[in-house]
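Peer 1: Those letters in the sequence shown? Residues 1 to 294, by the numbering used here.
Check each hint, because a few of them may be wrong.
[As the list claims (entries may be wrong)] Taking lysine-lysine and the DSSO-like style, the derived pairs with C-alpha atoms no more than 30 Å apart in a straight line are: (1) Lys198 with Lys227; (2) Lys198 with Lys159; (3) Lys148 with Lys227; (4) Lys152 with Lys198; (5) Lys152 with Lys227; (6) Lys148 with Lys159; (7) Lys159 with Lys227; (8) Lys148 with Lys198.
Read the hints as simulated data drawn from the structure, not as lab findings.
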Amino acid sequence: TRTRLCAPQLNGEQDVLLRTVKRCRSANQSYVLAFASQRYGMTQSIVVQVGQCGNQIGCRFWDLVLREHMLLEDRSTTDMAVWNFFRMAQNGKDELRARAVMVDMEEGVINSIRRTRLGGMLSNHQFVTDVSGSGNNWAVGFHEYGTKYREKIAEHIRKEAEHCSCLQTFFLLHSLGGGTGSGLGTAVLEMLSEEFPKVFRFCVPVLPSAVDDVVTSPYNTVFALEKIASFADFSCPAENEALISICDRVAKAGASIKQTVASSASSILGQKARPFDQMNNIVANLLIHMTRYK
């Protein structure tokens with residue numbers, strides 16, 4: 001049986017301390033909360049985002065985490081659960097760092113993330129990029145980039161793991177239709193099973209729709225699913241066509257689906273949400289609800 005993704009029960013003394021530090025309004029409040037979360041067994045999770053789709057969904061996820069657990073302009077409202085996904089920067093300043101590693105074999109989406117508020121919560125060792133892409137080919141992502149970047153990605157993840165006192169889960173966000181998300185994403189999953197065999201591996205793969213315009217996407221998906229079945233502890237797949245259907249019913253967005261390609265980076269750049277961003281939000285919200293401390 002696997003450990004449930006929930007916060008441990010606190011005894012009376014611990015509960016009093018946590019309620020006390022939550023009321024703290026001093027400049028060092030974040031440090032007090034961080035210490036208390038580690039002292040009393042709060043678990044931590046690391047989010048690994050691979051490929052364009054994985055990083056776009058991840059960007060929406062981090063935005064929702066911040067909205068869920070704190071008001072960005074009022075640090076006094078920070079709650080304890082935020083330390084599951086954030087840590088304090090080791091630079092002597094009262095700054096948050098996201099527990100994440102972002103991987104893409106193209107630089108477009110990663111560079112967009114660097115320019116956002118989230119980019120200020122990330123260090124250089126949390127990014128792994130290349131410039132040529134995987135050409136929508138699972139084999140290129142898995143065999144070529146998986147071999148070339150295995151040690152670099154593993155080292156970056158180790159650095160994040162060193163900041164965790166009780167690492168419980170790796171969340172892997174990626175798609176299966178392209179080459180980087182399907183190939184390199186499953187190579188990372190296999191690496192995690194070897195390097196961190198006792199840490200829970202939670203996969204959120206996005207499956208292509210039946211009318212996907214990438215001719216290799218069915219093959220990429222089949223190869224990737226075999227690896228996910230072998231190395232993931234839990235998988236919560238999302239399917240593009242189902243996401244579009246939800247957007248069509250809830251947001252009346254079906255008539256403007258053709259605009260989604262042009263809006264692929266709008267969630268990163270902070271522009272007005274469009275159907276593609278709504279699809280990302282659905283997956284990000286799903287992950288938020290599965291990881292919320294209540």
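Peer 1: For every hint, state whether the structure bears it out.
Peer 2: Do the hints match the structure? See the list:
{"no.": "1", "hint": "Lys198 with Lys227", "result": "holds, 18 Å"}
{"no.": "2", "hint": "Lys198 with Lys159", "result": "holds, 17 Å"}
{"no.": "3", "hint": "Lys148 with Lys227", "result": "holds, 19 Å"}
{"no.": "4", "hint": "Lys152 with Lys198", "result": "holds, 21 Å"}
{"no.": "5", "hint": "Lys152 with Lys227", "result": "holds, 21 Å"}
{"no.": "6", "hint": "Lys148 with Lys159", "result": "holds, 19 Å"}
{"no.": "7", "hint": "Lys159 with Lys227", "result": "holds, 25 Å"}
{"no.": "8", "hint": "Lys148 with Lys198", "result": "holds, 25 Å"}
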